[in-house]
Amino acid sequence: SQTIHQWPATLVQPVGSPLSLECTVEGTSNPNLYWYRQAAGRGLQLLFYSVGIGQISSEVPQNLSASRPQDRQFILSSKKLLLSDSGFYLCAWSLGTSHSNQPQHFGDGTRLSIL
Amino acid sequence: GENVEQHPSTLSVQEGDSAVIKCTYSDSASNYFPWYKQELGKGPQLIIDIRSNVGEKKDQRIAVTLNKTAKHFSLHITETQPEDSAVYFCAPYFFGNEKLTFGTGTRLTIIP
Numbered sequence: 001s002q003t004i005h006q007w008p009a010t011l012v013q014p015v016g017s018p019l020s021l022e023c024t025v026e027g028t029s030n031p032n033l034y035w036y037r038q039a040a041g042r043g044l045q046l047l048f049y050s051v052g053i054g055q056i057s058s059e060v061p062q063n064l065s066a067s068r069p070q071d072r073q074f075i076l077s078s079k080k081l082l083l084s085d086s087g088f089y090l091c092a093w094s095l096g097t098s099h100s101n102q103p104q105h106f107g108d109g110t111r112l113s114i115l
Numbered sequence: 116g117e118n119v120e121q122h123p124s125t126l127s128v129q130e131g132d133s134a135v136i137k138c139t140y141s142d143s144a145s146n147y148f149p150w151y152k153q154e155l156g157k158g159p160q161l162i163i164d165i166r167s168n169v170g171e172k173k174d175q176r177i178a179v180t181l182n183k184t185a186k187h188f189s190l191h192i193t194e195t196q197p198e199d200s201a202v203y204f205c206a207p208y209f210f211g212n213e214k215l216t217f218g219t220g221t222r223l224t225i226i227p
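Going line by line, the protein sequences match chains A and B.
The first sequence: position 81 = 81 (the working numbering), numbered continuously.
For any residue, its number in the working numbering is found by taking its place in the second sequence, counting from 1, and adding 115.
Worth flagging that the hints you see were computed from the coordinates, not collected in a lab.
Because the structure is a prediction, the values reported are computed rather than measured.
Heads up, a few of these hints could be off.
Claimed, not checked - Label pairs and their calculated CB-CB ranges:
no., chain 1, residue 1, chain 2, residue 2, range
1, A, Asn63, B, Pro123, 29 to 39 Å
2, B, Lys183, A, Gly16, 45 to 55 Å
3, A, Leu83, B, Thr193, 39 to 49 Å
4, B, Pro123, A, Ala40, 13 to 23 Å
Said to hold, decoys possible - No farther apart than 35 Å at their CA atoms in a straight line, the calculated lysine-lysine pairs in the DSBU-like style are these:
no., chain 1, residue 1, chain 2, residue 2
5, B, Lys157, A, Lys79
6, B, Lys183, B, Lys172
7, B, Lys157, A, Lys80
8, B, Lys186, B, Lys173
9, B, Lys157, B, Lys137
In this text, a Cβ means the ideal position worked out from N, Cα and C, and glycines have one as well.
Please put together the full structure from these sequences, using the hints given.
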């Protein structure tokens, strides 16, 4: 069966520090991968998605970047964190088809607090 | 652009009663309609989904109904239990943008 792992579960970082959040998927090949951010008590905002190694689509301009160095690895990064980067970051995967009308399966998220 | 509205934003239901959450979308070409449940501190989990070729789908106490003409779909939970307390999101697929667009969520509280 497929599983998705995100780490760390919680992270406290000072303003201006770098960030690296990692997400890995097991049990499937060539998945579509997604990074979402969720502000407290709010809905999910899609940040990035990837349909293959090295292929990244950005949904909103921001202080963050994403990379996919391996088929089942998705990394969210920042060179200098801002206070506004605080939030709950969720990684998700779906079957790799030509269209994304497939269920998305989420990890348990990383709660990021910027001080 | 795509527009998703979810109602109500909060819902309190006596244990054992039914709960209904409605999601309205703007893209008439949408063909996939999932519902997700998010418990505190966890990622959303898919609980039921429906495609545009059917009008209703049921899985034990959970059902989803789709009205493509009116462009809305609803989540129905019967015989509610305390463990149904969570935030529920609809996420219709928008054909033009080829992605799921999440609603703003409904916080469901089951009163024992």
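Inset, instruction - Could you see if the CB distance from Asn63/A to Pro123/B stays within 29 to 39 Å? - result: Distance hint for Asn63/A, Pro123/B holds at roughly 34 Å.
Legend entry - Distance restraint hint 45 to 55 Å, applied to the beta-carbon atoms of Lys183/B and Gly16/A: Taking Cβ atoms as reference, Lys183/B and Gly16/A lie about 50 Å apart, which means the hint holds.
Inset, instruction - Sort out whether Lys137/B lies within 35 Å of Lys157/B, counting only the CA atoms. - result: This hinted pair holds, its Cα atoms lying about 23 Å apart.
Inset, instruction - Could you say whether the range 13 to 23 Å given as a hint is met by the Cβ separation of Pro123/B and Ala40/A? - result: The hint (13 to 23 Å, Cβ to Cβ) holds, given that Pro123/B and Ala40/A are roughly 19 Å apart.
Legend entry - Status of the given 39 to 49 Å range, CB of Thr193/B versus CB of Leu83/A: Given range 39 to 49 Å: holds, Cβ gap about 44 Å.
Legend entry - Restraint check for Lys157/B with Lys79/A, where alpha carbons must lie at most 35 Å apart: holds (27 Å)
Inset, instruction - Decide if the proposed pair is consistent with the structure: Lys157/B and Lys80/A, CA atoms, cutoff 35 Å inclusive. - result: Given pair Lys157/B, Lys80/A holds - Cα atoms ~27 Å apart, limit 35 Å.
Inset, instruction - Verify the proposed pairing of Lys186/B with Lys173/B, using a straight-line Cα cut of 35 Å. - result: Holds. Lys186/B to Lys173/B sits at ~19 Å (cutoff 35 Å).
Legend entry - Hint consistency between Lys183/B and Lys172/B [alpha-carbon to alpha-carbon, up to 35 Å]: holds (14 Å)
In summary, this structure violates none of the numbered hints.
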